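Protein sequence lines correspond, in order, to chains A and B. Quick note, the first sequence lines up with residues 1 to 403 if you use full-length UniProt numbering. Quick note, the second sequence lines up with residues 1 to 403 if you use full-length UniProt numbering.
Be careful, since some hints might not be right.
Identical copies look the same in the list; a pair holds intra-copy or inter-copy alike.
Below are the SDA-like pairs computed for lysine to any residue, each with C-alpha atoms no more than 20 Å apart in a straight line [as the list claims (entries may be wrong)]:
| hint | residue 1 | residue 2 |
| --- | --- | --- |
| 1 | Lys349 | Gln56 |
| 2 | Lys34 | Gly130 |
| 3 | Lys63 | Thr329 |
| 4 | Lys396 | Ser279 |
| 5 | Lys63 | Asp334 |
| 6 | Lys63 | Gly366 |
| 7 | Lys396 | Gly288 |
| 8 | Lys349 | Leu290 |
| 9 | Lys362 | Glu43 |
| 10 | Lys362 | Ile397 |
| 11 | Lys396 | Val335 |
| 12 | Lys63 | Ala102 |
| 13 | Lys66 | Val335 |
| 14 | Lys63 | His337 |
| 15 | Lys34 | Gln244 |
| 16 | Lys63 | Leu12 |
| 17 | Lys371 | Glu125 |
To be clear, the hints were calculated from the coordinates, so they are not data collected in a lab. Remember, predicted model here, so these are calculated numbers, not experimental data.
Number of protein chains: 2
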Amino acid sequence: MTVTTTKNITTLATYTWPQGFYSDGLNAGLREGKKDMGWLYSEVPAAAAGVYTTNQFQAAPTKLTKQTIEATHHLQAMIMNSANANSCTGVQGAQNAALMQAWTAQKLGIAPELVGVASTGIIGEQLPMGVIEAGLDHLQLTKNDAVTTAILTTDLHPKTISIQFELDGQTVTMSGFAKGSGMIHPNMATMLGFVTTDAQITGDQLQKLLSQEVDETFNQITVDGDTSTNDMVVVLANGMANNQTLTPDQEDYDTFVAAFHQVLSFLAQSIAQDGEGASKLVETDVIGALNHDEAQMVAKAIVGSNLVKAAIFGEDPNWGRLMGAIGQTDAHVDVDHVSIWFNGLLIVKNSQAALFDAAEMKASLGESVVKIKVDLNSGEGTGQAWGCDLTYQYVKINAAYHS
Amino acid sequence: MTVTTTKNITTLATYTWPQGFYSDGLNAGLREGKKDMGWLYSEVPAAAAGVYTTNQFQAAPTKLTKQTIEATHHLQAMIMNSANANSCTGVQGAQNAALMQAWTAQKLGIAPELVGVASTGIIGEQLPMGVIEAGLDHLQLTKNDAVTTAILTTDLHPKTISIQFELDGQTVTMSGFAKGSGMIHPNMATMLGFVTTDAQITGDQLQKLLSQEVDETFNQITVDGDTSTNDMVVVLANGMANNQTLTPDQEDYDTFVAAFHQVLSFLAQSIAQDGEGASKLVETDVIGALNHDEAQMVAKAIVGSNLVKAAIFGEDPNWGRLMGAIGQTDAHVDVDHVSIWFNGLLIVKNSQAALFDAAEMKASLGESVVKIKVDLNSGEGTGQAWGCDLTYQYVKINAAYHS
Numbered sequence: 001m002t003v004t005t006t007k008n009i010t011t012l013a014t015y016t017w018p019q020g021f022y023s024d025g026l027n028a029g030l031r032e033g034k035k036d037m038g039w040l041y042s043e044v045p046a047a048a049a050g051v052y053t054t055n056q057f058q059a060a061p062t063k064l065t066k067q068t069i070e071a072t073h074h075l076q077a078m079i080m081n082s083a084n085a086n087s088c089t090g091v092q093g094a095q096n097a098a099l100m101q102a103w104t105a106q107k108l109g110i111a112p113e114l115v116g117v118a119s120t121g122i123i124g125e126q127l128p129m130g131v132i133e134a135g136l137d138h139l140q141l142t143k144n145d146a147v148t149t150a151i152l153t154t155d156l157h158p159k160t161i162s163i164q165f166e167l168d169g170q171t172v173t174m175s176g177f178a179k180g181s182g183m184i185h186p187n188m189a190t191m192l193g194f195v196t197t198d199a200q201i202t203g204d205q206l207q208k209l210l211s212q213e214v215d216e217t218f219n220q221i222t223v224d225g226d227t228s229t230n231d232m233v234v235v236l237a238n239g240m241a242n243n244q245t246l247t248p249d250q251e252d253y254d255t256f257v258a259a260f261h262q263v264l265s266f267l268a269q270s271i272a273q274d275g276e277g278a279s280k281l282v283e284t285d286v287i288g289a290l291n292h293d294e295a296q297m298v299a300k301a302i303v304g305s306n307l308v309k310a311a312i313f314g315e316d317p318n319w320g321r322l323m324g325a326i327g328q329t330d331a332h333v334d335v336d337h338v339s340i341w342f343n344g345l346l347i348v349k350n351s352q353a354a355l356f357d358a359a360e361m362k363a364s365l366g367e368s369v370v371k372i373k374v375d376l377n378s379g380e381g382t383g384q385a386w387g388c389d390l391t392y393q394y395v396k397i398n399a400a401y402h403s
Numbered sequence: 001m002t003v004t005t006t007k008n009i010t011t012l013a014t015y016t017w018p019q020g021f022y023s024d025g026l027n028a029g030l031r032e033g034k035k036d037m038g039w040l041y042s043e044v045p046a047a048a049a050g051v052y053t054t055n056q057f058q059a060a061p062t063k064l065t066k067q068t069i070e071a072t073h074h075l076q077a078m079i080m081n082s083a084n085a086n087s088c089t090g091v092q093g094a095q096n097a098a099l100m101q102a103w104t105a106q107k108l109g110i111a112p113e114l115v116g117v118a119s120t121g122i123i124g125e126q127l128p129m130g131v132i133e134a135g136l137d138h139l140q141l142t143k144n145d146a147v148t149t150a151i152l153t154t155d156l157h158p159k160t161i162s163i164q165f166e167l168d169g170q171t172v173t174m175s176g177f178a179k180g181s182g183m184i185h186p187n188m189a190t191m192l193g194f195v196t197t198d199a200q201i202t203g204d205q206l207q208k209l210l211s212q213e214v215d216e217t218f219n220q221i222t223v224d225g226d227t228s229t230n231d232m233v234v235v236l237a238n239g240m241a242n243n244q245t246l247t248p249d250q251e252d253y254d255t256f257v258a259a260f261h262q263v264l265s266f267l268a269q270s271i272a273q274d275g276e277g278a279s280k281l282v283e284t285d286v287i288g289a290l291n292h293d294e295a296q297m298v299a300k301a302i303v304g305s306n307l308v309k310a311a312i313f314g315e316d317p318n319w320g321r322l323m324g325a326i327g328q329t330d331a332h333v334d335v336d337h338v339s340i341w342f343n344g345l346l347i348v349k350n351s352q353a354a355l356f357d358a359a360e361m362k363a364s365l366g367e368s369v370v371k372i373k374v375d376l377n378s379g380e381g382t383g384q385a386w387g388c389d390l391t392y393q394y395v396k397i398n399a400a401y402h403s
């Protein structure tokens, strides 16, 4: 993975909740043998920002959380479950999401307007509210990381990161966790991601920053081109680090932006790497595009192509398929002067085959990360995207998993 | 398959060349053990029309054929090869395509401007022109159908159809053949298809009709979402049936349009059914869309979704994934009142689960054709699209086949 770090940001060895945040996760009985419910809580209301699926069938919890955050840009808690998405569940589904919100607020002694709700799992079945109620009854306020596994579905492992940095002389912690791993595609329509920090920043500023950073991270990953009805990224900043409220004109603002980018970038790439059935992470760098947007578009087209993904699974330096994927975009392309590199080895020069060492190439494509670089020779724009290979395992998981 | 026939159109039991058309196919040595080269020839210059890949990297033969047809809308011959696409081959590739055209013209004693060229196969390698020349030397003018297999790549079987109907009291024959079967996706970017007929019609009229019919047939199939650099559909009408030159105001014009639609529709659906690794044909009918275009868009989004395709391979009535695929389009959707049927069995009503007989549904999804019907409840628009399931075999073929 290519996650930028700066010398002022320290990655912590273990998942660490920022000051004032508590959490828990458990098996409520929505599925067998795995944790399926969890929550987050902040001692004080936190500035909150969110981005949500662009799918027209937005699930009940997603709609509710969006409305809740947009009202005041503050949250104090999030309640979450896996195994059931509460999506395509009509009026009863909306009532159930509201009940989850109300019950959580009641147990924590806070206003319902400060509680977000997130669900993931099977579409079209009503939540068993008795199970939810019993599960909620057992959730505690702890510093454990059980919630990071409670939200998983077909993911192989949790995706978590904790970092620390200084703002205004104060130590700030920022921690993120996410789930994938199918239906991972554009426009924030794709997964659950949660970031907590004790930094002090307004909800408006946080929202602006989130929308901007998500375009460069979560919106540039794809597993299978499908978007889901449920997914969201929510950020909570409770201000308990006591730094001066962050504004763009402050010297330390860039540190916060870099830290935020690192967390989102790490989570996004972790989701791509743990895509359903994936055996390799694919990272695409496009240079020489007319502008940034076109570079992003081409990068994403490459990691989204089934033919490219299958070739990478086969460890086959099949550059013709990359040309196909590039050529089917609307981006400006100097069609006679495109260059392509696999893991730094030149394979296409002037849109034709370049000479390369087949053994060296073969060994290189055997790595668990495949980096593709493309020069469109049409300008100065650069962009990146991340995906994974298409494997037998992807088909197996999705032929069998009723979502 | 759902191919409309009318009582005035007879489907012939064997592939039959229309009057005045000759052909041949053979193994020239571009690959081992399979025919790889062939041609078509008409006794007289034929009105010609074509549609071509929209991929920005258009292969040399595709460019050449497009230019040739657009110059006068007439062709008298087509030369074709598989195993090598002559794509991403630079100046030398363009020269080689022009050589194929010139050599074919010379052998047939006609002008090069009356010869089209089509290639399919591996991208980025120069054509072995000695092999092409020797192959051309052995091609004969026969009535065999060897060319219909000579153009195949990963296709499991040839796709051919011959029909007859009357125009103006004259018997007219129309025959089509095509190849798939990966890189099958939108906008005519996807395969080779050839239709010959002895009907009399102008090149302009034929072009207009082809562009219109392709939108309803070839452009509504998808195998894997990828478009190729080489593909085209070319139609030749040599007029030897001696009907009065067809114009839209003639009584028999509708018969010709119906026949043409039947041939293109059959070939398109055959390509979807023989998609790489496919075990099932998927046909989607969308009704209740705001308009025809939106219905087509939604139908194609459904057959293009990897998650839907994998579910159909698994014979799983996973309607949540259909909702996902519908919702990620921009089409107008009455999000609380969508209905969905699998093979005529209602599974979604008012955007929520409907009651259905699980055993009956399971048996139905075991069929080799799965028909999905969706009512968006937003207007009167209808549309159709065709695809196939996503199988282990697709991954296997594309992890191994270096194209």
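Here is how each hint holds up against the structure:
For a Cα distance limit of 20 Å, the shortest separation of Lys349 from Gln56 across copies, 17 Å, qualifies, whereas the shortest one inside one copy, 42 Å, does not. In the homo-oligomer, the alpha carbons of Lys34 and Gly130 lie at most 20 Å apart inside one protomer (18 Å), although the nearest pairing across protomers, at 65 Å, exceeds that limit. For the homomeric pair Lys63 and Thr329, the shortest alpha-carbon distance between copies (18 Å) is at most 20 Å, but the shortest distance inside one copy (32 Å) is not. Taking the closest pair of Cα atoms, Lys396 and Ser279 come within 20 Å of each other both inside a single copy (14 Å) and across two copies (15 Å).
Taking identical chains as interchangeable, the C-alpha atoms of Lys63 and Asp334 lie at most 20 Å apart only when they sit on different chains, with a minimum of 16 Å there against 44 Å within one chain. With identical chains, the CA atoms of Lys63 and Gly366 are never at most 20 Å apart, being 43 Å at best within one copy and 37 Å at best between copies. Proximity of Lys396 and Gly288 under a CA criterion of 20 Å is satisfied in neither setting, with 38 Å inside one chain copy and 34 Å between copies. Taking the shortest Cα distances, Lys349 and Leu290 sit within 20 Å of each other inside one copy (19 Å), while across copies they are farther apart (47 Å).
For the identical chains of this complex, Lys362 and Glu43 are neighbours neither inside a copy (54 Å) nor across copies (51 Å), given an alpha-carbon limit of 20 Å. Taking the shortest Cα distances, Lys362 and Ile397 sit within 20 Å of each other only across copies (19 Å), while inside one copy they are farther apart (28 Å). Neither within a single protomer nor between protomers do Lys396 and Val335 lie at most 20 Å apart by alpha-carbon distance, with minima of 38 Å and 30 Å respectively. When the C-alpha separation of Lys63 and Ala102 is checked against a cutoff of 20 Å, the pair qualifies only within one copy, where the shortest distance is 15 Å, while the shortest distance between copies is 64 Å.
Within a single copy, Lys66 and Val335 get their C-alpha atoms only as close as 43 Å, which misses the 20 Å cut-off; across copies the closest is 18 Å, which meets it. Proximity of Lys63 to His337 under the C-alpha cut-off of 20 Å is restricted to the inter-copy arrangement: shortest distance 18 Å between copies versus 47 Å within a copy. With identical chains, the CA atoms of Lys34 and Gln244 are never at most 20 Å apart, being 42 Å at best within one copy and 74 Å at best between copies. Proximity of Lys63 and Leu12 under a CA criterion of 20 Å is satisfied in neither setting, with 34 Å inside one chain copy and 57 Å between copies.
Proximity of Lys371 to Glu125 under the C-alpha cut-off of 20 Å is found in neither arrangement, the shortest distances being 41 Å within a copy and 24 Å between copies.
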